[in-house]
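Enquirer: As given, the protein sequences belong to chains A and B, one line each in that order.
Residue 0 is where the first sequence starts when you use numbering that gives the first Met the number 0, and the numbers rise one by one after that.
Residue 0 is where the second sequence starts when you use numbering that gives the first Met the number 0, and the numbers rise one by one after that.
Don't read these hints as lab results, they were simulated from the structure.
Please read these numbers as outputs of a predicted model, since none were measured by experiment.
You may find that some hints are simply not true.
[Unchecked claim] Cut-off 30 Å, straight-line C-alpha distance, at most; resulting in silico cross-link-like pairs (DSSO-like, lysine-lysine): (1) Lys495(A) / Lys106(B); (2) Lys495(A) / Lys88(B); (3) Lys36(B) / Lys495(A); (4) Lys49(B) / Lys495(A); (5) Lys48(B) / Lys88(B); (6) Lys49(B) / Lys88(B).
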Amino acid sequence: MRRIFSHILVLLLCCQFAMARVDNCRNILNWIYSDLTIENLDRSYDRLMNKFLLGLMHVHQRTQNDYRFQPEMTRIFNTLAQIDGDFNPLLAGNFSRLITSFFYQTPNLTPSNMNTVFESWRNLQRTSPDLFEGLDPRYLLDDWDQVTINTLGELSQYEFDNQAYRQRLNLLASSLENAQTNVLNGDGIDVDRLRTMIDLTEGELNNILSDKFENTMNEFGEICTSEDLSLLIQQESFSCPVRLPAGSSDLSNQLNLIGNVLNQSESLLLDRPSLQLGDNTEVELTDYPRNDRAESTYCLRNPDLISMIVIHHTETPSSSTPQYINEIHLDKVSGGEPWYMVGYNYLISESFNPGEVSVVQGRPPNIKGAHAGGYTPPLSAEERAFYADKTIMCGNRHIGFTEVPVLSTDLPQHNQMNSEGGLSGNLISYGIAVVGNYAPRSYREISGIITPVNLYASPVTPPVSLDVLRRTATVACDLQKENPNIRTIVPHRYFKYTKCPGSIMNNLQTIANLAQAQGCQFDIQLNNSSLHFRRAQ
Amino acid sequence: MIKLLIDMLPKALLLLILALPFSAKADSNPKIKSLMKDYLIALGTKDKKKLTNICSSKYIKLLQKNGTLDKTFEQQKPFDQNKIEFDIKIQKAGRTPNKYFVNIKDKKDSHYGEHWYVVNLEKDKFLIDDMVFFD
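So here's chain A without its partners, still in its complex pose (with noise of 0.2 Å):
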């Protein structure tokens, strides 16, 4: 810990040396000093720090060692492996030794690399949250945690050798003098004083400093104060104590306030989380209620399996939020089975942020969906050579999880074939849902009475707007450049007796051509031939 903080210590050293990045200069600054202070940033990445630790041992544990479902997690593992070499062929082995071993002995471990695995497992949490069932959420990496990823991020920018300590030390000191004092005044941060000040001092102190930090930083454990700096180059003593100007019940108010904020890191939330799908979609995410029920099971999958999109909408009103469809469908019962959460992968709503179209997760992409039931046609031999050796995880935390080989039938209650030697809708796609009611309001007629059905319709029914196909076209688009292997959109009723997209279904060619002019290329379907043989029947 004390090894990384002084790379801490050295980065923020060039990061004031680097002052044309005025403005990172200053945000790191008004961080440390306005918010977390230097000690409370040790105090944040020794949490950050545990609670991954503990979070990689629960996942560890949960995955039983494997990862082929997690592309995230092996992210996260040759990330580490690189940091350390010797990383991979330890994880077979006593895994929260090694864990404790890596993370305190690595001496390459540096906020550099670790940004990296940290930014991976902040994403492993969004996307793919029922790795983290049962851990306690206190553990999970919250918005506080980021604010310190970020910092160390910046910091991180900054390269340095050793030729250049003595300017950095230089700049620290006096800028960390100049700023403290501003701040303990409180008064902001004037980055112009600052690099005066440097100016200033730079001659002077670079005279003191330059033979005694000529080699290395590793002398100091802790981070100086100004004033101890200057101790230490009278004193030539190379133990540097934590020290905090006295006696300030600003600072006190102020670590008082950090306390609280550390404790209570929740309120600290930030902007609402999204994330990056390829180069143009921004994917918010939201939080979802699930099924956490031993009768309620879900199978992981690779993406690798994914061969086409599914096009629906939710025959709701437009102003339905995420949460609403996962309520309903968390209600909705699938061979005995309650449903784990919200079926489709991506909701493109008009409403989540007014004023635009978004495209909102649902249910994770590495979880198989639950959209697409009915009929698909029998499986070419190609395609059967290809899906020959895969497999998917299925089961939940209280049950286990189950490898099941995808076209195996000898598991009935994870069978994903059906009887005319077609692969699961639902294993095979990514379900797309427009939030909406693109349907007309319907009669149906039982025992000589009229009945009426879709009552949410709207007396006419909607066009689709141009936006929303674009927002389609583009999160369709970016889905294959990750997958080259999705190749086909197809409407919801390519499986079943379905209106379901509505009259979204007259615009998937639009959303074609649209995906085409951002370099994609998508073969529409529309029909299906095992649909037709028993529509026949």
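Take the given structure of chain A and dock chain B to it, following the hints.
Expert: Positioned in the frame of chain A, the structure of chain B alone reads:
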């Protein structure tokens, strides 16, 4: 003998607990079917008052929205109340207690539709409360 009874008691209780959901299901099915029959009769006879007894106020509002109920009434033809027959599917909600999804179809139809009535059990009375689209 007493010891045997005492030994059996937990098992008996367990069996009772396990059997309860089934007994509830067995009870609710005919009641829900009867409710849906009443619903059809109320629509067929254009009986708004009867509808208010078997549907929640939320569902009534939904029916009245955009003049749907009036248009439904306009289309009704004479029918024989004694010859009402329909198929019914009932699903207990996966999570919410006392909530059922109900789908009905004409005996002659080959398949059910994708719209499900939401029926809630409120104070021992079943009420049609909503309609959802399950695709």
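Enquirer: Against this structure, judge whether each hint is valid.
Expert: Evaluated hints:
1. A hinted pair counts as satisfied when its Cα atoms are at most 30 Å apart, and Lys495(A) with Lys106(B) qualifies at roughly 20 Å.
2. Under the criterion of a C-alpha separation no larger than 30 Å, the hint pairing Lys495(A) with Lys88(B) is consistent with the structure, at around 18 Å.
3. For a cut-off of 30 Å, the pair hint linking Lys36(B) to Lys495(A) stands: about 28 Å separates their Cα positions.
4. This hinted pair does not check out: Lys49(B) and Lys495(A) have alpha carbons roughly 36 Å apart, beyond 30 Å.
5. A C-alpha spacing of about 26 Å is found between Lys48(B) and Lys88(B), which places the hinted pair at or below 30 Å, so the restraint holds.
6. The straight-line distance between the Cα atoms of Lys49(B) and Lys88(B) is roughly 23 Å, inside the 30 Å bound, and the hint therefore holds.
The structure shown violates just one earlier hint, number 4.
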